[in-house]
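Build the complex from these two chains, which are given one at a time in their own frames, with help from the hints.
So the protein lines, in turn, are chains A and B. All residue numbers for the first sequence refer to the numbering used here, where the first residue is 1 and numbers rise by one. All residue numbers for the second sequence refer to the numbering used here, where the first residue is 1 and numbers rise by one.
Hints in this document: simulated from the structure, not taken from any laboratory. Among the hints, a few may not be true.
To list a few chain A residues with every Cβ distance to chain B over 12 Å, as calculated [what the hints assert, rightly or not]:
hint, residue
1, 26
2, 38
3, 44
4, 49
5, 196
6, 198
7, 209
Facing chain B, from chain A, some residues (calculated, C-beta under 8 Å) [to be verified]:
hint, residue
8, 210
9, 249
10, 251
11, 255
Computed spacing ranges between beta-carbons, pair by pair [claimed, not checked]:
hint, chain 1, residue 1, chain 2, residue 2, range
12, B, 121, A, 222, 46 to 56 Å
13, B, 121, A, 110, 30 to 40 Å
14, A, 230, B, 198, 32 to 42 Å
15, B, 106, A, 49, 18 to 28 Å
16, A, 141, B, 198, 50 to 60 Å
17, A, 46, B, 22, 21 to 31 Å
18, B, 18, A, 168, 40 to 50 Å
19, B, 178, A, 215, 32 to 42 Å
Think of the CB as a built atom: it goes at the ideal place given N, C-alpha and C, for glycine as much as any other residue.
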Amino acid sequence: MMRLVLFAPTRKSLYARIVAQRILAEPEVVLSAIVVRSIWSFHRFRAELRRDGPRLLGKIRTKLVLGESSLSESEDIKTAAVERVSGDDLYEMARRHEIPFMSAPDLNDTRIENQLANIAPHLIVFTGGGLIRSNILSIPPLGIMNCHSGILPRYRGMDVVEWPLLERDTEKAQVGLTLHYMDRGVDTGPLLLQHHETLQAGDTIEAIRARLEPRMIELVLEGIRGLQSGTLEPMSQMVDEGKQYYVMHPRLKEIVARKLHGSI
Amino acid sequence: MIHGMAAGILQVGERLLDDSVASYELLEFIQKSILELNKRLEHRPDAFPVGMIPELARVTDAASELGLRVPEFRGPAENSSADKPSAEEIQIWMDSLPDGLVLTKQGLVHQTGMMLLGLLAVEDSSNDLFIHNSLERLLRHVEVRRKACLQPRPSLSWSETWIEKHDVAYLFCVHVRNSRDFRFLNGAMKLNDWGYRAHRRNASVEQTLSLVRAILEQELILAEFWG
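This is chain B alone, in the form it adopts within the complex (with noise of 0.2 Å):
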């Protein structure tokens, strides 16, 4: 009797504790983001970071190709191609991290999501080993601290620390793409569920985009993969 007791309540507990989101959740909360977004942008242009238009454009884009109804891109045609770092850039980000890694004891090397992409598009071998290594101290350092990981040192603002967690989860999913190692989807998708549970309705544009990418790429990589 109260062995039966005892399970049950670990049982609930177990429910109320499980953190992780349901796919319809995270696909109400891109289309809505992305509908409201858009409106943003429609009424008060000015108002609306430049740099963040072409991510809307992508973003827009990917979620009509995942099937989800959202309204028609109509931002300015120019801005057409999203803000990748240079070469240059990604090299004095390189020269700088403290013995080379994107994650010491101190904490995590601020922009490492952004860069690690830049790095990713980059055709050249001679950093297929620094990137390996970073994307495997990355995800085991994102399991094994789970919701205390990724805190950026020097320490960020709430938004702009969450922007480089979603940046982090962005990179898994294109390193999946690359790699087929699911693994890091499974590390995108924990990154994912704890940063839209963190989101908050006045969140800023580049932070909101930022987590619908990393989400929506996700669910493009579940959708092609297991339908």
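Chain A extracted, bound-state conformation (with noise of 0.2 Å):
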């Protein structure tokens, strides 16, 4: 049996709980334990808070506040699996299959490490929660798992839907999904899968990004059995084959809209 530990943002993340769901589901492998960021954390405000600027509040609405209910337009996970979870956030989650459950304001804590070192997971899944010190990225033998929002190793980093998208005409846009296991650089450890979009007549980006968003959790889960399986090898990036890309400024984003839409 493959042992999975599953990283997530925060308690009630609909993508870590729709992943712990299936990672439940499926056969031979174990949910070794759930570790959660906990939102209560000055430390973690301030460094999101210089990360993502004011769209922090923004991500706070949706992601916490209006949760399932800011998703209107991303049918497939709402019918596909958030009946399944709904009213569940991964605490009760964990308690209803009696799956160890830690939360700390850091997940490169000590307490989490000495815990991980206990429960000897073979493979991490990443969902969300901050930057992984090395003290973490070399406890699973296989590695920490984290499907990543756009094409590596070329768009590293924020905002990977929308650069493309500005760089290039949109037919030949790199958008996708590059699951890949982290290492101690932005986006750089090794490849395991991508999926390339590929964008329809009127897209959005939020249209985009609701198509993506089931995309990530199928290619996790095709990954897991992967690596379980022994199919999947990963393959090295260069760091010299890519670029950090950072938050985009508004008016870009709205030249972005403005070529999805045709009008430039």
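Shown next as structure tokens:
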């Protein structure tokens, strides 16, 4: 049996909850612990405010306050899984399935490190929660798996759905997802799987993201199965092969929207 | 009900905290500033910093190129070339860099923007790696530290600090023209928004011109690539 641990950004993270639900249904795999980053941390708030600026409030609004109700466009997620996990947060899910549950302001906490060392997971599935340091990275022999919402190695960092659309003609833009192992850099770890998203007429950023979200879950599951069966081989990426992207300026986002609309 | 109210409050908060500046506001600022600076030069030429006259001529032309209604530059024609650092000055500056870095934990090395602009203008590939690494370091720093970025060490006056920041924003824009790497336009736009918000009516000619120059270059690039 392959032992997995799930890392989540919040107890209410819909993505983490669906991934947990799907892992629980996988044969030959056991979810050995759920580790959640606590939202009640001044350091976390400060670091995320510094990274995201005012849009952190938007993220809090959609992810923590509105939750599933903000996903009106993402029907795939709603119908496929939300109903099954509705009303559950990760703590309740862990309690119901008798899975050890841990929460800390920082996922690199030594308490988390010690407990993980006892659990000895083969793989950690990361669904968010900040940078992971080498003390945790070195614990699972397979590694820590993350699904990045951009095509690696080219598009590392933030807003990597928007950046390819700004840089290139929309039909040539490389939009998609990459499943990869995490390392000490930002999105620089070995690649596992990739999904290239085909743009559709009348697409908007929201519509593209809504299509990518359920695909992320499938890619994570595909990755777990591939690693479990030994059919998936990680492929190293070179640091020079890509660039690190940052939060896109609202005016550049407007340009992306106009490009998608066909008005540029 | 409570969730709806909380969501509404967060949405309003997000809008209030958004410090990005609309294009029309920036263009209006450029137009007004150029008008005022040209008036100042016309009415009190002795009080106008001589070294800034070529820059005023240049931004006046560039603003007109952007389609802004600005007065014709009527300053002295003999000062038509902008003041750039010499190769020797650049070399001295490079030799003085701590560990060869333009930015350290202590802060930004003085004249970084201006000297890197000078280096970009030189056709000598031996400095390409240094320029590339310095630009990436500056961009990452601006994006991570946001408004607290680019603090010169040793510290400078408020006005001089902003000139250093505006020079880096302009440097980013010039690099975009050479590389088409729009991450640097993104960085410049953020720096310019913060610079515009911090700008005071009684700012020095140097400070105003350096901000106008950076914003103009940004707007020219935006117009050139995406109309």
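Cross-check of the supplied hints:
{"no.": "1", "hint": "26", "verdict": "holds, 33 Å"}
{"no.": "2", "hint": "38", "verdict": "holds, 19 Å"}
{"no.": "3", "hint": "44", "verdict": "holds, 16 Å"}
{"no.": "4", "hint": "49", "verdict": "violated, 9 Å"}
{"no.": "5", "hint": "196", "verdict": "holds, 22 Å"}
{"no.": "6", "hint": "198", "verdict": "holds, 23 Å"}
{"no.": "7", "hint": "209", "verdict": "holds, 18 Å"}
{"no.": "8", "hint": "210", "verdict": "violated, 19 Å"}
{"no.": "9", "hint": "249", "verdict": "holds, 4 Å"}
{"no.": "10", "hint": "251", "verdict": "holds, 7 Å"}
{"no.": "11", "hint": "255", "verdict": "holds, 5 Å"}
{"no.": "12", "hint": "121/B with 222/A: 46 to 56 Å", "verdict": "holds, 51 Å"}
{"no.": "13", "hint": "121/B with 110/A: 30 to 40 Å", "verdict": "violated, 52 Å"}
{"no.": "14", "hint": "230/A with 198/B: 32 to 42 Å", "verdict": "violated, 57 Å"}
{"no.": "15", "hint": "106/B with 49/A: 18 to 28 Å", "verdict": "holds, 25 Å"}
{"no.": "16", "hint": "141/A with 198/B: 50 to 60 Å", "verdict": "holds, 51 Å"}
{"no.": "17", "hint": "46/A with 22/B: 21 to 31 Å", "verdict": "holds, 28 Å"}
{"no.": "18", "hint": "18/B with 168/A: 40 to 50 Å", "verdict": "violated, 27 Å"}
{"no.": "19", "hint": "178/B with 215/A: 32 to 42 Å", "verdict": "holds, 37 Å"}
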